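S.K.: Residues per chain, in single letters:
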Amino acid sequence: MSAPIIEIDRISKSFGALRVLDELSFTVQPGEKLALIGPSGSGKTTILRILMTLETISSGHIRIDGEELFHMPKDGRLVPADERHLHRMRSKIGMVFQLFNLFPHKCVLDNVTLAPILTKGVSKADAEREAMRLLEMVGMADKARAMPAELSGGQKQRAAIARALALQPRIMLFDEVTSALDPELVEEVLNVMRRLGEETDMTMLLVTHEMSFAHDFADRVLFFDRGRIVEEGPPDQIFRNPKQERTQAFLKKIIAAGQRV
Amino acid sequence: MEWDWAFVREILPTLLDGVRLTILATILGSLVAAVVGLGFALARRSRNRIFAKGIGFFAEFIRGTPLLVQLYFLFYILPDLGLTLPPLVAGVIGLGLHYGTYTAEVYRSGIENVPRGQWEAAKACNLTVVQTWRHVILPQAIPPMIPALANYFIAMFKETPLLSAITVLELMNQARSVANYNYRYLEPMTLVGVFFLVISLISVIGLRALERRFGRLR
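For the record, the sequence lines run as chains X and B. Taking our numbering, the leading residue of the first sequence gets 1, the next gets one more, and so forth. Taking our numbering, the leading residue of the second sequence gets 1001, the next gets one more, and so forth.
Source of the hints: derived by calculation from the structure; they are not laboratory data. Since this is a predicted model, take the numbers as computed values, not measurements. Check the hints yourself; a few may be wrong.
Among chain B residues calculated to face chain X with C-beta under 7 Å, some are [as the list claims (entries may be wrong)]:
#1 1056
#2 1113
#3 1117
#4 1120
Below are the DSSO-like pairs computed for lysine-lysine, each with C-alpha atoms no more than 30 Å apart in a straight line [stated by the list, open to error]:
#5 X:120 with X:106
#6 X:92 with B:1123
#7 B:1053 with X:106
Calculated Cβ distances over 12 Å to all of chain B for the following chain X residues [stated by the list, open to error]:
#8 41
#9 84
#10 95
#11 115
#12 151
#13 163
#14 213
Note that the Cβ used here is the ideal one computed from N, Cα and C, for glycine as well.
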């Protein structure tokens, strides 16, 4: 086993009196596809938000590529990271959101090229060439000049995926990316993600309620409840032979709600 | 008392000079208010609590005192402290500062109306704080504020006669001086009213167009 790309080391996170993550630890190998499942409020989205530095942690350590995310070395000690350190660390990570969060005042193409031009100093022509390649891949090349308001939810999400890919992150976070979509639009987004999984060696962390997709897509599944990992393992084990009672109860509920797993 | 058209023709050029200066003061005051308001709004969001509170108190202080008093301070009292300003400059600063405290509130609500997801997307795109403001937040926040800002600029326009108190030769001041000189108030003051009414009406029509174009800030 090579060195992990993500090391989560006894992190805790509280919102006021509410403890969302409780001494949580796990590691992720480079290129691994990880599905995070569990009841809502179990802390799985919070993990992605923390990795993207949208939230801070109350205690613990996170290392990306062996380097501290929220801390930096100074005079031989670890001190809280400054904005510059966070900026550098963020360049390794990309995120796709449940509600897309496209920039509504920019066309699809400009949404994709904005960050490469601003943060990597890529020329406009090069950024647009690369953006068109990515839009081609997500099936949105013909909508490059469309404004976000003119798009369906599935199209918005595919554009948002292209935007996140444009910065060539090593780690990609998908936060319930199909939860806000009409049912008939879910598949077009999942297809894009399947292709990504096959064609790239990006490390992917996926929070999802689509159990059958998680089953096919992930190398490993983590089942969360109340801020802790209750059970983890390969998809077949978690979905077909869950050992923990809470995992079994959760899957039973999901199946009762009509989903295939 | 009878309306004297010959007198009207005689004083019209002087009054038109005043109109020009009134419009100039309004435009410059609006520019200052637009910039100062943005400054106030950003300063109040500062992470430095003491700075944010200090600016907030300063803005509250300006809003809570009459513009006329502020103009007197700028024009008649600052020279005692060694800073002498030309009348128009003092007037523009006074108008801009005073209305800047109101436009700050417009900016504040406009900025708060940008969904949190936009800040998060900017962070996920690894934009710096300055890039986030410039390319993501302000371009979305400003268009819906334009009608509300324009509303304040029209209100400011109607307060420019206060500048006559600090010797700016704007419309009101010109009208008063020709009236005093000729002992006739009917025509000059009526014309002042008419000028303000016409320009206000035109501005309000423009404002409606802006509201249709950009929508109203909720």
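S.K.: Compare the structure with each hint and give your call.
M.R.: The hints, checked one at a time:
no.	hint	in the structure
1	1056	violated (24 Å)
2	1113	violated (12 Å)
3	1117	holds (4 Å)
4	1120	holds (5 Å)
5	X:120 with X:106	holds (19 Å)
6	X:92 with B:1123	holds (12 Å)
7	B:1053 with X:106	violated (35 Å)
8	41	holds (19 Å)
9	84	violated (10 Å)
10	95	violated (4 Å)
11	115	violated (4 Å)
12	151	holds (15 Å)
13	163	violated (7 Å)
14	213	holds (22 Å)
Checked against the numbered hints listed earlier, the structure breaks hints 1, 2, 7, 9, 10, 11, 13; every other hint is satisfied.
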